[in-house]
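Whenever a hint applies, use it, and build me the whole structure from the sequences.
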Amino acid sequence: MNIAQALDPVVTLKTYFPDVIQEVIEFRDEVTIVIDSEQIVRVMQFLRDTTGLIYNFLSDISAVDYYPDYGHRPGRFAVAYHLYSLLYNRRLRIKAYVQEESPSLPTIIQIWPAANWLEREIMDMMGIIFEGHPDPRRLLMPDDWNGHPHRRDYPLGYETIQFSFNVEEIMKHKVKGQK
Amino acid sequence: MESRSTPNQFLRLGITLVILAVIGGGLIALLNGITGQACLNNLSSCLTNNGWNPGIAGFVPILLGVLGVATFPLLVTILLIWVERKFAARIQDRIGPNRVGPFGLIQPLADVLKLLTKEDITPTGADKPIYNLAPPFMVASVLLIWAVVPFTPYHYGVDLEIGAIYFVAVASIATLAVIMGGWASNNKYALLGAFRTVALLVSYEIPLAMALLVPVLLAGSMSMVGIVEAQGAMWFMFMAPIATLLFFISSQAEVGRAPFDLIEAESELIAGFNIEYSGMKFAMFFAGEFMHVFTNGVLMAILFTGGWWGPFAYEAPLLGFFYLMIKSSFWYFISLWVRNSLPRFRVDQVMNLNWKILVPISILNLIMMALMLRIALGFEQSAGIVVTDFFSALPRTGFLLIGNVVVLVVVWLWLGRQGRQQRQLEEMNRFSVTATGD
Amino acid sequence: MANMAMTTAAQNEWQGDLSELKGLVSERALTGETMMLNMGPHHPSTHGVLRLLLELDGEEIVSCIPDVGYLHTGIEKNIEAKTYEKGVTLTDRMDYLAPMSNNMVFCMAIEKLTDLDVPERAQVIRTICLELTRLNSHLVWLGTHAIDMGAMSVFLYCFREREMILDMFEMLSGQRMMGSYIRPGGVWRDLPQEFLPALETFLNYFPAKIDDYERLLTNNPVWIDRTQGIGVIEPDVALAYGITGPSLRASGVNWDIRKTSPYLTYGHYSFDVPLGEHGDVYDRYIVRVREMRESVSIIRQALKHLTQASGGFRSNNRKFVPPPRSELGQSMEAVIHHFKLWTEGFSAPDAEVYMAIESPRGEIGCYLHGTGGNKPRRVHFKTPSLIHISALSMITKNHFIADVVAIIGSVDIVLGDCDR
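If you read the protein sequences in the order shown, they are chains A, B and C. For reference, each letter of the first sequence is one residue, going 1 to 179 in this note's numbering. For reference, each letter of the second sequence is one residue, going 1001 to 1438 in this note's numbering. For reference, each letter of the third sequence is one residue, going 2001 to 2420 in this note's numbering.
Don't take each hint at face value.
What the hints assert, rightly or not - The calculated lysine-lysine pairs, modelled on DSS-like cross-linking and capped at a C-alpha distance of 30 Å, are:
| id | chain 1 | residue 1 | chain 2 | residue 2 |
| --- | --- | --- | --- | --- |
| 1 | C | 2397 | C | 2022 |
| 2 | C | 2375 | A | 95 |
| 3 | B | 1118 | B | 1086 |
| 4 | C | 2259 | B | 1188 |
| 5 | B | 1188 | C | 2397 |
| 6 | C | 2319 | C | 2082 |
| 7 | C | 2112 | C | 2086 |
| 8 | A | 95 | C | 2082 |
| 9 | C | 2375 | C | 2319 |
| 10 | B | 1356 | C | 2082 |
| 11 | C | 2340 | C | 2375 |
| 12 | B | 1128 | B | 1114 |
| 13 | C | 2086 | C | 2340 |
| 14 | A | 14 | C | 2112 |
| 15 | C | 2340 | C | 2319 |
| 16 | C | 2112 | C | 2375 |
| 17 | A | 95 | C | 2259 |
| 18 | A | 95 | C | 2086 |
| 19 | B | 1118 | B | 1128 |
| 20 | C | 2082 | C | 2112 |
| 21 | C | 2319 | C | 2077 |
| 22 | A | 14 | A | 95 |
| 23 | C | 2112 | A | 95 |
| 24 | C | 2209 | C | 2259 |
| 25 | C | 2209 | B | 1086 |
| 26 | C | 2086 | C | 2319 |
| 27 | C | 2077 | A | 95 |
| 28 | B | 1128 | B | 1188 |
| 29 | C | 2112 | C | 2259 |
| 30 | A | 172 | C | 2397 |
| 31 | C | 2112 | C | 2340 |
Hints in this document: simulated from the structure, not taken from any laboratory.
Here it is as structure tokens:
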């Protein structure tokens, strides 16, 4: 079988989508391309289908919350797509920033069905809405849950362990909480 | 806590006493049953002589006999649960029950006690009368079979002329019990289990009955007692191995034991039809199943391996009973062995096995046996052989055995060819799917 | 969803609203023509707390909606509140059948983020542990898969052998399952003396036991009937749905991260990657059983390698790895390092890395984003079980209930891995 020459994803993307790339980061041999969140579907389709790139496997979608001081970044949230090319055996990270005011991104489920639950998890945990997702229910948390636990401003709650010496104190708070 | 546990302990003590009384009574009744009809007759005449009303005096031994016959399988079940658990444990490289009593022998009794004290739950929306009737039906269907079981040459509940038909009729009550339980539980899993059961049991009745007809043919009698009597010269297993195999397989399916345990397939339907039952009602289903498996062993012994026949069985009836139990246990152990080593069939595969393989073979086998028996009888008549002992039965046995082996080989080859063809077809399908997938 | 398929105690009538299922089930379910069956979360063969909402036409599956989250424990959120080293203990609890793989991927991500080098000996020890974990996980898989299909004895045989592996883990870390043995920079401690003889005994004993399992199952007609042609995943579909690991290889796609991008010392060893042809339940079974044999061979090679491997069992970089206790009495610097590491922990740059390794179930990935401080900003685990469960509705379509059980068993899911 003839395998086409591997292309550099950054150079190729810059050629075909000159205004989409916002930033290119290289850290510990990992290439991250920050792109415009509006263009995500087109870019993904291009990366998957272009000869010489063929990033045909979606490894992971993760979301980051840069909460307290995200001033120097273009948005509060970022969604990182980890792609893998079985043909050329290399990985690529595509990153898109999402604004706090309108946390939404287009879904890429039509390109990779694997994105289905990964996007649902982010919807659930980060509160980032994926427009066009066919099944936008919460994945892990109960349906009637308030808030999005993985946001940095969501407190890491805990329950005081109940002993005989503090049981009254705890019960008092519990009753208060129920009211 | 102290004050609460006292009445509970009294309750437990009471229940223990009741159970001990039942067991004791059962044992006495059993002894009466074993010491023989002659003694029972003596008892009634003895009572009449002592001034009892002859009607009542005649009824007392019958009552005792019924009690004995009905209690014996229940008692055996308690032991069987232990045997099954120990045997399965040994197959699976475990120890099995070993805490309660010596070698864990009392474990089943402890389980019974536990089940007795458990809460009896009736689900909301259950059809109560039917829901409550199902477990007794299950146990009754098995107990009724024992009525026609000849324990020794002299001891049996009743010698029915139509014992074989009676067996088929009574055994299908279990099917009824299962669908009653499954339907009335108001649970989807139970319903699915009941569906499967009806499909499975109704279809496996056919090869079962067909296989049952073969010993009837050979013995020339439908009575269980007659069938056993006819095996004095030669066990039917050697004359009709195919029927033996068919009966064994379909009786396994009839009980719903692995590999046919998809009625209660615990990994699919959790518990199947008895999912909503708890406490003693569940125990009745459970005991019913165990008893049924052993009863099948007993039937295998009666129909194909000579029942109570053995050295000195006529002289010492208890020995005959012993032989019967040994033979039944043999079949029971084979069933356990199969259960612990095979995976479970799927529901459509079970149906395939039955309708495409077992039913045709059983019909073919019945016709062949009838024809060949006719020929053998004709030959014996012309040669002047009267079948009385082992050697005089050899010609007939040899003839029938050869016929059976020929049929077996033909079926084996045919099935092998079918299997290969199907496998090739499947392979082709699978490859074509992969090809279009690319 | 919450009140689906439940009957209220009072009226024996289902009170839910079917319209919320629109689009997820077929039209026939809305009219009541097909039966909705709630399978799980308390069901013996959903391997944990998976809940499947099945739409049944008789016994045939029309649609299957998996519902997860019953085992969600907020591990990722908790790691964000802990120093890097403390986070390792939490990762054990994700995929509780292969805890070492989780340790490994998290530690590798940390090591990549902080640019920490690990000595060769530590890498070899890690390789041995990972392969033992693979055996451990595959044994549980085989046992539960077999008992799902009704073969009870295989289940107990598998757990008998697994017990030996757990005993070895206990020697290593003092814990049978949640050992947290693999730490950033190496492993927690050197191999104890009794470990290598125990491992040798196990390696001599185990291959014959795999033969035993195969004798019970591989050529068993009932097993073949139940598994061949069931739950077929075609290779391109498998890739699109993100299926990885043995399930992907059973479809004939040759992708094993141990081979394509060798981590640890896998590059030094020669081993085969078993491939299937049809992508059905049977092939997934065959692939995993062969993988067990390969794992044994890898461990044997690693044992040979261990005698020549240089370096200690963990890195000597005192900024990341605490000094051994023996140094604490002699060196002031060691005391300072010890104190700093166990109170504040080490810091990692404000950057992101993604590491993926081959866990027994497939590609487990760890996305780690540092803050520049001692705690991560975000940890996200890409877990194979989550992806495999999301593909269940596609695989189970038009199969029987009994096949659903077989399929769930064959894709090998762990709900702790899925829900985290």
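So, against the hints stated earlier in the document, which numbers end up violated here?
4, 10 and 30
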